[in-house]
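There are 2 protein chains.
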Amino acid sequence: MSDLAFTIAAHDGAARAGEIETAHGRIRTPAFMPVGTAATVKALTVDQVRATGADIVLCNTYHLMLRPGAERIAALGGLHRFMNWDGPILTDSGGFQVMSLAKLRKLDDDGVTFQSHIDGSTHRLTPARAVELQQLFGVDIAMVLDECTPYPSDQNTAAHSMRRSMAWAAQCRAAYQGGVGRALFGIVQGGIYPALRQESANRLIDIGFEGYAVGGLAVGEGQDEMLSVLDATVPHLPQDRPRYLMGVGKPDDIVESVRRGIDMFDCVLPTRSGRTGQAFTRDGPINIRNAGFAGDPAPLDAASDCPASRDYSRAYLHHLIKAKEILGATLLSWHNISFYQRLMADLRAAIAAGRLEAFAADFLAQYRSGSDTVG
Amino acid sequence: MSDLAFTIAAHDGAARAGEIETAHGRIRTPAFMPVGTAATVKALTVDQVRATGADIVLCNTYHLMLRPGAERIAALGGLHRFMNWDGPILTDSGGFQVMSLAKLRKLDDDGVTFQSHIDGSTHRLTPARAVELQQLFGVDIAMVLDECTPYPSDQNTAAHSMRRSMAWAAQCRAAYQGGVGRALFGIVQGGIYPALRQESANRLIDIGFEGYAVGGLAVGEGQDEMLSVLDATVPHLPQDRPRYLMGVGKPDDIVESVRRGIDMFDCVLPTRSGRTGQAFTRDGPINIRNAGFAGDPAPLDAASDCPASRDYSRAYLHHLIKAKEILGATLLSWHNISFYQRLMADLRAAIAAGRLEAFAADFLAQYRSGSDTVG
Numbered sequence: 004m005s006d007l008a009f010t011i012a013a014h015d016g017a018a019r020a021g022e023i024e025t026a027h028g029r030i031r032t033p034a035f036m037p038v039g040t041a042a043t044v045k046a047l048t049v050d051q052v053r054a055t056g057a058d059i060v061l062c063n064t065y066h067l068m069l070r071p072g073a074e075r076i077a078a079l080g081g082l083h084r085f086m087n088w089d090g091p092i093l094t095d096s097g098g099f100q101v102m103s104l105a106k107l108r109k110l111d112d113d114g115v116t117f118q119s120h121i122d123g124s125t126h127r128l129t130p131a132r133a134v135e136l137q138q139l140f141g142v143d144i145a146m147v148l149d150e151c152t153p154y155p156s157d158q159n160t161a162a163h164s165m166r167r168s169m170a171w172a173a174q175c176r177a178a179y180q181g182g183v184g185r186a187l188f189g190i191v192q193g194g195i196y197p198a199l200r201q202e203s204a205n206r207l208i209d210i211g212f213e214g215y216a217v218g219g220l221a222v223g224e225g226q227d228e229m230l231s232v233l234d235a236t237v238p239h240l241p242q243d244r245p246r247y248l249m250g251v252g253k254p255d256d257i258v259e260s261v262r263r264g265i266d267m268f269d270c271v272l273p274t275r276s277g278r279t280g281q282a283f284t285r286d287g288p289i290n291i292r293n294a295g296f297a298g299d300p301a302p303l304d305a306a307s308d309c310p311a312s313r314d315y316s317r318a319y320l321h322h323l324i325k326a327k328e329i330l331g332a333t334l335l336s337w338h339n340i341s342f343y344q345r346l347m348a349d350l351r352a353a354i355a356a357g358r359l360e361a362f363a364a365d366f367l368a369q370y371r372s373g374s375d376t377v378g
Numbered sequence: 004m005s006d007l008a009f010t011i012a013a014h015d016g017a018a019r020a021g022e023i024e025t026a027h028g029r030i031r032t033p034a035f036m037p038v039g040t041a042a043t044v045k046a047l048t049v050d051q052v053r054a055t056g057a058d059i060v061l062c063n064t065y066h067l068m069l070r071p072g073a074e075r076i077a078a079l080g081g082l083h084r085f086m087n088w089d090g091p092i093l094t095d096s097g098g099f100q101v102m103s104l105a106k107l108r109k110l111d112d113d114g115v116t117f118q119s120h121i122d123g124s125t126h127r128l129t130p131a132r133a134v135e136l137q138q139l140f141g142v143d144i145a146m147v148l149d150e151c152t153p154y155p156s157d158q159n160t161a162a163h164s165m166r167r168s169m170a171w172a173a174q175c176r177a178a179y180q181g182g183v184g185r186a187l188f189g190i191v192q193g194g195i196y197p198a199l200r201q202e203s204a205n206r207l208i209d210i211g212f213e214g215y216a217v218g219g220l221a222v223g224e225g226q227d228e229m230l231s232v233l234d235a236t237v238p239h240l241p242q243d244r245p246r247y248l249m250g251v252g253k254p255d256d257i258v259e260s261v262r263r264g265i266d267m268f269d270c271v272l273p274t275r276s277g278r279t280g281q282a283f284t285r286d287g288p289i290n291i292r293n294a295g296f297a298g299d300p301a302p303l304d305a306a307s308d309c310p311a312s313r314d315y316s317r318a319y320l321h322h323l324i325k326a327k328e329i330l331g332a333t334l335l336s337w338h339n340i341s342f343y344q345r346l347m348a349d350l351r352a353a354i355a356a357g358r359l360e361a362f363a364a365d366f367l368a369q370y371r372s373g374s375d376t377v378g
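Line order of the protein sequences matches chains V and D. Residue numbering for the first sequence follows this note's numbering, beginning at 4 and increasing consecutively. Residue numbering for the second sequence follows this note's numbering, beginning at 4 and increasing consecutively.
Since the hints were made in silico from the structure, they are not lab data. Note that the structure is a prediction, hence the values are computed from the model and not measured. For every residue, glycine included, the Cβ atom is placed at its ideal position computed from N, Cα and C. Check the hints yourself; a few may be wrong.
Unchecked claim - Quick look at which bits of chain D chain V covers, simulated, 3 or more residues with Cβ under 8 Å:
id	region
1	47 to 56
2	155 to 164
3	295 to 303
4	307 to 316
5	338 to 352
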């Protein structure tokens, strides 16, 4: 018997602000989940992650099933104890990374067989095994196994792929044994086709999940098309369940998606781009490697309560990144996640105050005024 | 007018425990200085370094003069502000790294000309410039420029090299303008030759310094020979001035050297070996990569107050290092420096209690019982 309490405290247009209560504590929504692929948010301690205001982290089943292995994590007391993170954890099902990272993939109606990108060993992922892996981890929120529909795909291909994912979703539901504060989320697929997205949402609702994700986006389609798909999908999802937009995204993507009723996000962007010298600011992203920062005494954000944002000059961060010092990756990742968490807190406050549209307009105007771009 | 208050609170045999009062606070001695080569103790935030109990860090003039440059650091408010470390800082003079890292070195009686290992640019380091660089950094303790005598060297070569270093020491002394809580340390050279070491000590004392370092060791001579040189050198140094053994060392080197009256140490070992998976323990160093740790739920030191030592299993650390995760380098560096600082605190307490010999015997017996070795 699974259950996940979701309390919506405020609405503002299609947007909502609230709390999800999990077995490992609450998640304030809209929420951004830092990505901790291999049981670590890259370059950060759990105390640093916690200090940003993050309530929940995401880990990748694909990476953890290969190394150190789900049975090993279970023997060591589960993923929370393993990585020393006592808050909620969400894992994906592994399907997305199998398609993007593994070698010699062979997909069939029952699952996927593949070779590890680490050591070439052969593995099999099925809906039942994807659920079993996530239960061995002991995570708060597990995701169904789905096929990530290639982009672009024609409508027939997208339909076939979506229906296979819906069959897998039903198998995952049957295999899942949760508990109070534990949840299995379904994933809407269907490519860019509104009718397929609606069909997928309806099929998932018929099966019944504690939350609903929108998958198959942030795969190169661009923001306009992504938002069109959200417009065609979110209205078909239950009002009283969390909605999770997978793999998104840039700060402006998040603002636009919250306006459309999304409650949860994850993205590698703040950590991955931080490791290469990108820093997010209210005036848009900057590349700290630029020579103009070599003598800049200003911190990234003097008003922040994040040490990485407040206590180090841009000149020092420039130096660290140029010198390939690990601390540069740490400080920029820390700053970027703090920036994202501050944005989420601002969005929650704006929704609670009924002024989301004004906040979004101001934020987007300032953010898009910046000259740099982040990929 | 330079001055550095050094208070010896307790003697135990040749060993001493006390405090050095610098412009940026006190250094409890015997002290271990973590190495922050390029203005960062690699992989650690200043808060993490501080939490280990470290009072002072060492930075490398060679690296900082090349990148970001001493004038830039001065324009940004000095090295303390640049790296956000408000405690004492010691810099070396750059000479050692010029000889080990730079390209196309050309040594003459007035200094050394070399090419940067970073971009091939040509630089000149003289006694006066070495002092100027360190004053631009604004460090608490500066070191004289010396020539690191090659090991092994015959007595004539060692004598010639030492006498050149003594001439440079006098030039550094003349160039140095310190202040209260600021100091310039001389460096004893002379290779493995007791008469040369004594001559070098006497020449430095004649010039007069706020502290005296023993240089030219930890260059491959082995612990027995290193300790023999200390036995031939330390008795010729002033009782009332700090004594610093440069570049040393392994935990057992430190214990043996404290017994002989050394007050200060620096070494890259805890951070460098941490980044590759070596962890120091009371039972000797271990390599966390070893397969035996893959399922080990025990932390490195459950009794430590360092989060890195206490809150993560050896299995998790094994996983991080195997997966080349940055957090592995961070946690092992943090643990190792904590281990070193705990050792220094234990040594200070043992000296204060007059039980250093018993502590050293117990520590060395347990430490040397370990099966692994660290290079």
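Hint-by-hint comparison with the structure:
1. 47 to 56: holds (count 3)
2. 155 to 164: This one is violated; 0 residues, fewer than the three required, reach chain V with a Cβ under 8 Å.
3. 295 to 303: holds (count 3)
4. 307 to 316: holds (count 4)
5. 338 to 352: n = 0 at 8 Å, threshold three: violated.
In this structure, the earlier hints numbered 2, 5 are contradicted, and the remaining ones agree with it.
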